[in-house]
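Novice: Note that the protein sequences, when read in sequence, are chains A and B.
Take the first sequence: its position 418, counted from the start at 1, is 418 in this note's numbering, and no numbers get skipped.
Remember, this note's numbering sits 543 above the position in the second sequence when you count from 1.
Hints may contain errors.
[Claimed, not checked] With a cut-off of at most 25 Å between alpha-carbon atoms, the simulated BS3-like pairs for lysine-lysine come out as follows:
1) Lys-294(A) / Lys-595(B)
2) Lys-294(A) / Lys-600(B)
3) Lys-559(B) / Lys-623(B)
4) Lys-623(B) / Lys-595(B)
5) Lys-600(B) / Lys-654(B)
6) Lys-600(B) / Lys-559(B)
7) Lys-9(A) / Lys-165(A)
8) Lys-654(B) / Lys-294(A)
No lab work stands behind these hints, which were simulated from the structure alone.
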Amino acid sequence: MTVEELYGKQAEELERQQALKNRIMCCSAAGCLSCGADGLRQAISAEIAAQGRQAEIELCGTGCLGMCSRGPLVLSAADNRLYGNVTPADAASLVSANPSGKPTLPDRAIDLDAPFFSKQMRIVLANSGRVDPEKLADYIAAGGYQALGKALTAMSPREVIEEVKKSGLRGRGGAGYPTGLKWDLVMKQIPQVKYVVCNADEGDPGAFMDRSVLEGMAIAGFAVGAQQGYIYVRGEYGLAIERLQTAIKQAERERLLGHRILESGFQFRIDLRVGAGAFVCGEETALIASIEGKRGQPRQRPPYPPESGLWGAPTLINNVETFANIAPIVQNGGDWFASVGTASSKGTKVFALAGKIANTGLIEVPMGTTLRTILFDIGGGIPAGKFKAAQTGGPSGGCIPEQFLDAPVDYESLAKIGSIMGSGGLIVMDDSSCMVDVARFFMEFCMDESCGKCIPCRAGTVQMHDILHRMTRGQATEDDMQMLETLSELLRETSLCGLGQTAPNPVMSTLKYFRHEYEAHIRDRRCPAGHCQIESQLEGAMA
Amino acid sequence: MTASPPAATVKDNREKLLERAMSRYRYSGDALIEVLHTAQELYGFLPPPLLKTIARKLRLPPSRVLGVATFYHFFSLKPKAPHTFVVCLGTACYVAGALGLVETLNRRCAKPENSGVRNDVSVQSARCIGSCGLAPAVIFDGKVLARVTRQLIGAELEGIGVK
């Protein structure tokens with residue numbers, strides 16, 4: 001299709017949608033599916049058929065609606081209302097005409113003006129709740145592929161890169177490397193064959209997986225001069241794999257991917273590569289090895305992938321969220337994007353809120369929002385108990401104590417506190433969590449996931465886990481604490497890749513902010529949180 | 544995938560399907576992981592003779608194929624038990640007490656009166672299954688269970704004959 005046809009198709013689809021009496025959108029993200037969204041969808045579908053209104057009511061799925069704790073969620077487009085904890089028994093009232101203007105299901109309605117929604121800002125997740133991930137027409141109706149059309153017809157590759165540079169977008173994975181600079185590096189490489197790789201192995205919530213990622217990758221391919229893209233997605237995300245395959249096929253059929261995209265001379269293919277469960281494959285050189293069909297072991301850098309990556313060719317690697325930001329940037333301009341966020345961190349960040357918090361779910365906030373706003377306004381606070389720590393960045397991140405609740409969430413502030421932005425996990429812990437055991441838990445994970453190539457990581461994680469394990473059993477000494485600090489430093493300084501270098505982060509941050517808990521485990525042989533099974537406590541209880 | 548046709552036809556078919564997958568990737572060694580995915584999907588696990596066949600067809604040293612098959616957690620060289628519990632050990636599930644669920648599962652299966660059914664149950668863990676809002680989550684025979692408690696695990700265990 002041509003760019004004109006794309007706009008024509010958008011108008012056509014919007015008209016069709018407007019002619020409908022209602023569009024009922026069932027959340028079909030992993031969270032809602034695991035609490036019965038499928039059965040609910042069938043019940044609604046049966047009810048529409050029973051009332052004979054297939055022509056005027058459309059039932060479709062949609063990406064994550066955000067408030068996973070209230071799942072399964074249903075969005076009724078006619079009156080723009082969101083309902084939570086919906087059961088198949090509610091299908092009749094959802095489908096039936098509702099002239100009164102009041103919510104159809106008053107006790108299931110979720111207030112869309114609540115801070116959970118009003119304090120968010122959606123760029124990356126803008127299409128969740130508007131687009132059915134299995135329908136290309138929906139994405140086109142929402143303005144999809146127009147940014148690609150704009151780039152191909154009205155911009156040069158250099159102009160696209162300038163726009164991305166101007167936006168100030170930084171990699172949403174770990175270190176926050178400026179995306180525009182990375183693209184520039186790849187573009188400047190001489191070899192003809194280049195690759196674009198999307199890292200979808202970082203435990204990003206599956207909801208990101210919409211078509212804007214494909215569009216972002218195609219724009220990146222155009223900008224850096226690549227004709228082949230790979231999405232490396234985790235094997236655990238069956239749903240995301242299925243949807244991506246559908247989306248790629250549909251786009252190829254409509255000439256939005258593949259040969260002669262939008263009737264221009266540009267061609268770009270995207271293939272999926274399914275990971276097989278190795279955390280270290282989130283590291284870019286390990287990811288490249290895995291796409292090449294080898295063990296996912298990192299290698300020495302430099303040369304960095306922009307110079308020599310996949311099969312030795314210049315390779316651009318960004319993660320899912322980074323690519324999802326590209327289409328809006330090209331469409332609305334870099335200046336628009338740069339107006340959101342803080343001086344050094346632009347745009348928004350998606351977090352998966354989980355742990356001891358009232359509203360668990362998927363949220364997107366402008367950079368620079370404070371943790372307090374995220375946790376207490378949007379998250380609704382801690383249901384029982386007292387806030388103890390927030391953990392970002394998973395096993396590579398750190399624990400943030402209460403005194404930093406008012407720190408803005410951006411790359412620099414988080415790094416200063418000793419954590420990282422990571423790919424978006426934000427786990428809240430209350431006073432029932434023992435920080436020593438939290439550190440042990442993460443170290444056990446890193447120990448299992450260490451690929452074994454370099455010695456500091458392979459042996460160091462085992463030693464650190466052993467010490468932490470003895471601490472949680474009340475068998476450690478003061479010397480052990482000293483050793484833990486020495487090893488932390490050693491791993492950080494000498495490991496080959498990010499996994500080993502950041503593995504001590506949970507230990508170092510808990511040692512810094514929750515040192516008294518370590519001391520209680522060692523000196524008093526007790527666990528302040530009452531979590532660890534310490535022998536002397538057991539003996540005391542028995543005596 | 545649940546109903547299995549007679550064994551003989553299955554076997555022929557599987558070899559053909561695997562062959563087709565390999566030819567789709569033009570027998571390129573780079574596609575080893577994809578081929579192993581297909582093989583495991585077809586056979587349920589990766590028996591060592593099959594790995595040898597794959598190595599020969601893709602013209603790779605058997606050591607490389609075995610190396611890759613054992614590096615990634617997803618691949619299994621042993622047949623799977625009829626029932627599997629995959630306990631999610633992502634951070635959110637850990638905070639919600641997933642380690643206790645693993646302990647319950649192992650303890651229940653280790654009971655002497657369950658020696659008969661023990662081998663039918665496999666207890667595994669996953670690093671994150673993406674259902675953090677429903678922590679702790681467990682995948683029992685392909686079905687995601689949300690906000691799992693010890694009682695719920697107990698009920699599911701009893702359902703498959705574990706006392």
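Novice: Confirm or reject each hint.
Specialist: Checked hints:
no. : hint                    : verdict
1   : Lys-294(A) / Lys-595(B) : holds (16 Å)
2   : Lys-294(A) / Lys-600(B) : holds (16 Å)
3   : Lys-559(B) / Lys-623(B) : holds (23 Å)
4   : Lys-623(B) / Lys-595(B) : holds (20 Å)
5   : Lys-600(B) / Lys-654(B) : violated (45 Å)
6   : Lys-600(B) / Lys-559(B) : holds (13 Å)
7   : Lys-9(A) / Lys-165(A)   : violated (31 Å)
8   : Lys-654(B) / Lys-294(A) : violated (41 Å)
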